[in-house]
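Chemist: Here is how the chains run, residue by residue.
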Amino acid sequence: MAFLALGVTLLLVLLLARPTGLYIAHAFKDEQTKLDRFFGPIERGIFKIGGIRRDNQSWKKYVFALLMCNALMIALVYIIFRTQAYLPLNPTNVPNMEPTLAFNTAISFMTTTNLQHYSGESGLSYLSQMIAIVFMMFVAPASGLAACIAFIRGLGGKPFGNFFVDMVRAITRLLLPLAIVMAIVFIALGVPQTLEPNAIAHTISGGEQSIARGPIGSFLSIKQLGNNGGGFLGVNSAHPFENPDAISNLLQILLMLLIPTAMPFVYGKMVGNAKQGRVLFVAMSMLFIVMLGTTLAAESTGNPVLNSLGIQHDQGSMEGKEVRFGMMQSALYSVVTTASETGAVNTMHDTLTPVAGLVAIANMMLNTVFGGAGAGLMNVLMYAIIGVFLSGLMVGRTPEFLGKKIEGKEMMLIALTMLMTPFLVLAPSAWALFSYSGTISNSGFHGLTQVMYEYTSAAANNGSGFEGLGDNTPFWNITTGIVMYIGRFFSFVTLLAVAGSLSAKKAVPETAGTFRTDTALFGVVFLAAVLIVGALTFFPGLVLGPIAEQLTLKP
Amino acid sequence: MSQKRSALSGAIINNAIKEAFLKLDPRVMVRNPIMFVVEVGFVITLFLTFVPGAFDGNTPVWFNLTVSLILLVTVLFANFAEAVAEGRGKAQADSLKKTKKEILANKVVGNVVKQVPSTELRKGDIVLVKQGESIPGDGEVIEGLASVDESAITGESAPVIKEAGGDFSSVTGGTRVISDQIKVRITSDPGESFLDRMISLVEGAKRQKTPNEIALNTVLTSLTLIFLIVVVTLPFFGHYLNIEIDVPVLIALLVCLIPTTIGGLLSAIGIAGMDRVTQFNVLAMSGKAVEAAGDINTIILDKTGTITYGNRMASEFIPVGGEKDAVLAEWAAISSVKDETPEGRSVLELMKKQVLRYDESIASGGEFVEFKAETRMSGIDLKDGRKVRKGAVDSIKKWVSQQGGTVPADLDRNSDRIASAGGTPLAVAVDNRIYGLIYLKDTVKPGMHERFEQMRQMGIKTIMCTGDNPLTAATIAREAGVDDFIAESKPEDKIAVIRREQAEGKLVAMTGDGTNDAPALAQADVGIAMNTGTVAAKEAANMVDLDSDPSKIIEVVAIGKQLLMTRGALTTFSIANDIAKYFAILPAMFMIAIPQMAVLNIMKLGSPMSAIISALIFNALIIPLLIPLAMKGVAYRPISSARLLRRNLLIYGLGGIIVPFAGIKVVDLVVHLWV
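Same order as they appear, the protein sequences are chains A and B. The numbers in the working numbering rise by one with no breaks, and the one at position 322 of the first sequence is 327. The numbers in the working numbering rise by one with no breaks, and the one at position 327 of the second sequence is 330.
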């Protein structure tokens, strides 16, 4: 039964990917389409108010517009957090947010990371939740999608488009309509949607319990659809109000994977060769299946130490899991949320078996098992270019990608991008482990994993946590804030620069001597590039973290 | 030249060993960041050998010393690889330098001839070179005709004729006039002559990194930095777990992970690639040109001399207008008695073959009329006033009609038939009467068809250029198997075709020799000038073929591809090696603190220290083991890119993963005897 549910879930993901991809590609088309009839009037209104001229931007202008627009939003949201106590819609009298936490949280939501060093119930007013958090949950993935669409356009030799137009379209044509529909569905499934303050319950034992609630339905749909992942409530989608039952769980998984799995098809469609996208989709799916299989195997075996104590473990490892989801759906959720860089959780990743924890962290380290909306595909294409560069030489030609020669300038930019992830993860981890070991709740291998997980999650803009860190301190707030910011925007700049450089080049026609990037062989090359370059970087850290933990788990 | 050099002589090896040590100079090493890191590692471990406790180290002195020595040897191996590649060029340069001895030149100033040293000659000076003298500098013959021995440059012992005007006017400094005398206008200043350039090229003195080399270097440097980050942060990770990791062990891990194999061989591969071209008697003006050759999409080839032998052989006499076969043959022979062109001689040969005779007395005392481009015919004016001509059908027709003759009705039909069969028809006429046609056959060189088929598989399009009419051109094109042809082509057509192809984003290669080829050679991405060609052509080209064999362009393309492939293959191999190295060193690092890590010791290496030393030794040894491959290049076969990639991925990718597992294990079996 559990396997059937798993199979049905994955089948639905598979069925939705291509049509969604084709829709997204259509939505971002330069020329007039039928969609203009529905969305045209609203969009024209927005463009008029915003004073947006809909002309094509150079890659530099595009990325500048993105950075400035996002920076402005970060500033705006920071101010809201810092003054929420004085603002309306604050029935539970939440105080103003502390500066480093506000800094961290504003960046966190602008980068779709949604790393939360606060607890939603007590840290944010309803106003902050709605106009700061939910606002960013729309504009952040929209910015990422826009960057990716521009990147694909550049690779395909087309004009880069206009950032503001792309961002608005991402919201009006994709995120908003789907989010509204899904919010209603979630509310129908029992997720609260209210502006009333906490409910007060009087328990049988005579105690008084304050139950947090709020406008969760509208929050939940965009949280998953935009690969944001931040919870309205502290325990995220493990809370019955944020994930009531199996159906809501299924829908959340589908929403998390909807855009990430569609992106390769968007790419294939936009560069005019569906096979290009299909190869990447298949390669990523294979990575996903391997990851999922590993997690399921580890979780169903359970923790040998607990097992040896005679604890019943027929259902696999249930430590830290919700009984209404069970081992299988929890394990699946953990793989999906890290693969799609969403970061929502329905189980505590801290309590995953070491190997399943390894899979979660590896998903984020590679950031190519689909990855987040837009940003994931950009990363995937970067690895594809690295693969082309290294092995493309082996056909005896200067490597080409989509007909453009990959030369010194592009490789310089990609080399910098490639360098950034290990730097963002390993350097601050080393610092934290050395100087701030007091804030780590676990000693030994697990503690090391906690720290690495936190920075990996920040760098990959995932946002899930291994918890247990005393992370609401200036050190953690500021370092993870910086890591999230660089992890998000550095690659946008460098990769759009790569596309800019490539689009200025003349396309080389394809011949029998060309290294083709739409074949199964290329899929293998891509996987090898991801695994060798990605895995080699993090192997020592993983050996000292989850691998050592697993090896030393002896009853 | 190729015959003069053995692949690797003892002298080159000895010199390379010396060079390997000289290159240890950090100012030189810093140009190769990967090997520089290894050198720094060597210095640190050497320091730790003398001051073992410096960084709270626990490793024994002998271990530090061993690591330090292996690192030194690693750097030396890399330097050696580069030095060997350079050495081969140097040996060649030395032999060229001998040619460049100072000579006295006879400089013509006004009406006087002055003796000046050749080093004082400037562009524009005019010198007289007599029999037995060396030509003092590069130049152009402006007066006279002489046979010149160019063996010093080309290795070809047969002398070549140089004459004023036309395409055989350029002479190279250092070559010797062996008969007659010529006046030469010098075209290069001292130090910039062809010979000078050639010396600096083969010496590698002016070698600049090619675009692809720069790109690859960037990636390799970034990988080095990534592993540097990994290794530098590792002790902090260890510290949290109360595992102390010693500096020499960290250095060992770093050196094993950074791509030392390709880093040590990269410049050797580049130099060897250039060298392979040179050995092939083609002089590439830059490594960039060789790389570009690998990327060529279209090759433009002259038909005559490249695809076909060009000497059109008479193969048949075809009488027209009811004339007799034998009569036609007789007049054809008479017109050719004094004709020394291959066509003319082939007519007489055909007579012999067909056992036909003609009256030689008719021709005796006649005046030979040479072939001219304007008239497009040749022949003989006989004593009795009759004029015998053979030539292009159109020209003969015009000539005959001008004298009031008529053109036989079946002439055009027969000439078209010949042309469509790929032949060239020559009409034979006496005064106002046309006797018939000589069928000249142009033969495609053997093996050309297969070569063009290979090119097609490599994705290269071939375009044949010929002055022939479209029918003839089409037939030869079909017979040779080229993809496209340009008939009745003029020099401008070549440029037009090159531009058209380039506009589609293609890279174009061509060969040429004449001055009128120069613009096209300059426009082409890879232009190969024939050494026999004009100075202008050589200046415009980015390669010069010393043997003047235009079909060599095909091999040059293969060498270019081979160069890129070798780079890719060794990079892939180098990075794939890291997997095994991790499995050797990581368990060794942590096994003492975490005994369960032994599970990762899948090679079952003897002891932690022996594992680290074995991985390092393997890492060092792989460099000299791969030097022959770097020099020779990865075997290239003209097959489709997909098959090529699959093959190379299997050998260098999968091989790169497996080989070090076996290699490190074998080294460990030996090392573990002591450690």
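Source of the hints: derived by calculation from the structure; they are not laboratory data. It is possible that some hints are incorrect.
Said to hold, decoys possible - Below, in silico cross-link-like pairs of lysine to any residue (SDA-like), each with a Cα-Cα straight-line distance of 20 Å or less:
# : chain 1 : residue 1 : chain 2 : residue 2
1 : A       : K414      : B       : T224
2 : B       : K464      : A       : T519
3 : A       : K559      : B       : I595
No experiment lies behind these values; they were computed from the predicted model shown.
Chemist: List, from low to high, the hint numbers that the structure doesn't satisfy.
Modeler: none
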